[in-house]
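K.L.:
One line per chain: the protein sequences are C and E, in this order.
Heads up, the first sequence is in my numbering, so the first residue is 1 and it goes up one at a time.
Heads up, the second sequence is in my numbering, so the first residue is 1 and it goes up one at a time.
It should be emphasised that the hints constitute simulated quantities derived from the structure, not laboratory data.
In this text, all values refer to a predicted model and were calculated from it rather than measured experimentally.
Heads up, the beta-carbon is just placed ideally off N, CA and C, and yes, glycines get one too.
One or more of the hints may lead you astray.
[Unchecked claim] Calculated cross-link-like contacts (lysine-lysine; reagent style BS3-like; alpha-carbon spacing at most 30 Å):
no. : chain 1 : residue 1 : chain 2 : residue 2
1   : E       : Lys9      : E       : Lys71
2   : C       : Lys98     : E       : Lys71
3   : E       : Lys71     : E       : Lys57
4   : C       : Lys98     : C       : Lys58
5   : C       : Lys58     : C       : Lys69
6   : E       : Lys14     : E       : Lys57
7   : E       : Lys57     : E       : Lys9
8   : E       : Lys9      : C       : Lys98
9   : E       : Lys57     : C       : Lys98
[Claimed, not checked] Taking beta-carbon pairs under 7 Å as the criterion, some of the chain E residues facing chain C (in silico):
no. : residue
10  : Gly40
11  : Gly42
12  : Leu45
13  : Tyr64
14  : Val88
15  : Phe90
16  : Leu97
17  : Glu99
18  : Thr100
19  : Thr102
20  : Gly106
21  : Pro107
22  : Gly108
23  : Leu111
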Amino acid sequence: AQSVTQLGSHVSVSEGALVLLRCNYSSSVPPYLFWYVQYPNQGLQLLLKYTSAATLVKGINGFEAEFKKSETSFHLTKPSAHMSDAAEYFCAGAAGNKLTFGGGTRVLVKP
Amino acid sequence: NAGVTQTPKFQVLKTGQSMTLQCAQDMNHNSMYWYRQDPGMGLRLIYYSASEGTTDKGEVPNGYNVSRLNKREFSLRLESAAPSQTSVYFCASSDGLAETDTQYFGPGTRLTVL
Numbered sequence: 001a002q003s004v005t006q007l008g009s010h011v012s013v014s015e016g017a018l019v020l021l022r023c024n025y026s027s028s029v030p031p032y033l034f035w036y037v038q039y040p041n042q043g044l045q046l047l048l049k050y051t052s053a054a055t056l057v058k059g060i061n062g063f064e065a066e067f068k069k070s071e072t073s074f075h076l077t078k079p080s081a082h083m084s085d086a087a088e089y090f091c092a093g094a095a096g097n098k099l100t101f102g103g104g105t106r107v108l109v110k111p
Numbered sequence: 001n002a003g004v005t006q007t008p009k010f011q012v013l014k015t016g017q018s019m020t021l022q023c024a025q026d027m028n029h030n031s032m033y034w035y036r037q038d039p040g041m042g043l044r045l046i047y048y049s050a051s052e053g054t055t056d057k058g059e060v061p062n063g064y065n066v067s068r069l070n071k072r073e074f075s076l077r078l079e080s081a082a083p084s085q086t087s088v089y090f091c092a093s094s095d096g097l098a099e100t101d102t103q104y105f106g107p108g109t110r111l112t113v114l
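So that you can see chain E by itself, here it is in the shape it has in the complex (with noise of 0.2 Å):
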């Protein structure tokens, strides 16, 4: 199982262009999210989705779009990047929606908008 896999690993926009995320997960889970982490604030969530088909806003959804794809896949989406979406984006996913899941989380999008 290679769990939740992201793409790119690394990206460098200029202000204005557009780019999608890609995340998806082989561990047949319901439930999926987007970080993103910045120095000293920890991980804060974007968008998740509770299974196929649904998708909700998180802390800091602004500037951003989710699509959940099918049951494998969530992307996100940037469509005008700024400076201030500079950060490292994690896309993560748990069985279900209990706040005892445990999230795995995939090993990260760094991000540089310049």
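In isolation and in its complexed conformation, chain C is listed as follows (with noise of 0.2 Å):
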């Protein structure tokens, strides 16, 4: 089975910062990885999403995320932080048609 585990459940960064979010997975068979950004009282929105194709994928809105197989690590980053950014953000992993979620990162933007 499946998981994906989420380092820290709640980050703070000043606007113009590095934004680094951690998410790691364990699967015995090539993993499909996506994140997910949602906004105060929103859906899930797709951000991104890893399918083998290259190991570093953009997505929207300037983030990014290297998958690192020997790291079994697929974290996102956004070089620098907007207000905007403020959310709470999901790693998820897919295994046959289901999607596994992580607990979520809640990013604070200080001005």
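The task is to assemble the complex, starting from two chains supplied on their own in separate frames and drawing on the hints.
P.N.:
As structure tokens, then:
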């Protein structure tokens, strides 16, 4: 069975600083991995997904994630945080036809 | 396109009451899903429907039933609500069941069971 772990339930960054959200997976098969963002009182939106085509995946709003098989990681980064990035972020892995979600990381952006 | 819509947005129930959460999608997707979101636990799959006329249990199906009314609509029913079912419920849809298929989510229903 696949599991997804997000390190840190809350992250606080200053506007303009690097955003780094950590995600590790465990899987016995090649994983398909996703990052979703949830803005307050909204549903989840897809930021990016890894489907084994390239290890560095670029998404919307300046986010990107790098798949590292040796570290079983799929960390999400953005070079410069913006106030509008304040949201909750979920890493998810697909196995068969089901998504397994991490617990989520809430990002606070300080002016 | 409205995408995935859910009704109601908010609901308060008393223990033992029943209700149905409605979900509809206008993307002509084949597969639909119901999740619940609880703090610190991410989203957990309750039921899914691979195609019209089929439904299958997910990770946490107890206390719920579903109906895939047609290709567009997928409803979730709580027959006898319990406080443990207080949660935010999300419906999602995808074109198929492939692992690479993106799931599109509705805005959610916030349910409180007293």
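K.L.:
If you take the shortest Cβ to Cβ gap from threonine 100 of chain E to chain C, is it below 7 Å?
P.N.:
Nearest chain C Cβ about 5 Å off; hint holds.
K.L.:
Against the 30 Å threshold, does the CA-CA distance of lysine 57 of chain E and lysine 98 of chain C hold or violate the hint?
P.N.:
The given pair, whose Cα atoms are some 11 Å apart, holds under the 30 Å limit.
K.L.:
Please work out if lysine 98 of chain C and lysine 58 of chain C have their alpha carbons no farther apart than 30 Å.
P.N.:
holds (23 Å)
K.L.:
Have a go at the tyrosine 64 of chain E hint: is there a Cβ in chain C nearer than 7 Å to its own Cβ?
P.N.:
At 16 Å from the nearest chain C Cβ, tyrosine 64 of chain E fails the 7 Å test, so the hint is violated.
K.L.:
Does proline 107 of chain E pass the interface check with chain C, least Cβ-Cβ distance below 7 Å?
P.N.:
holds (5 Å)
K.L.:
Straight-line Cα separation of lysine 9 of chain E and lysine 71 of chain E no greater than 30 Å?
P.N.:
holds (22 Å)
K.L.:
Under 7 Å, Cβ to Cβ, is where glutamate 99 of chain E needs to be relative to chain C, so tell me if that hint holds or is violated.
P.N.:
Cβ of glutamate 99 of chain E sits 4 Å from chain C, so the hint holds.
K.L.:
Assess, step by step, whether the Cα of lysine 9 of chain E is no farther than 30 Å from the Cα of lysine 98 of chain C, and give holds or violated.
P.N.:
holds (25 Å)
K.L.:
Is the shortest C-beta separation between threonine 102 of chain E and chain C less than 7 Å?
P.N.:
holds (5 Å)
K.L.:
Does glycine 42 of chain E pass the interface hint, meaning its C-beta sits closer than 7 Å to a C-beta of chain C?
P.N.:
At about 3 Å, which falls below the 7 Å cut-off, the nearest Cβ of chain C leaves the hint on glycine 42 of chain E intact, so it holds.
K.L.:
Should the interface hint for glycine 40 of chain E be scored as holding, given a Cβ-Cβ cut-off of 7 Å against chain C?
P.N.:
With a closest approach of 5 Å, the glycine 40 of chain E hint holds.
K.L.:
Should the hint that glycine 106 of chain E touches chain C count as held when the rule is a Cβ pair under 7 Å?
P.N.:
This interface hint holds because 5 Å falls under the 7 Å limit.
The earlier numbered hints that this structure contradicts are 13, 14, 23.
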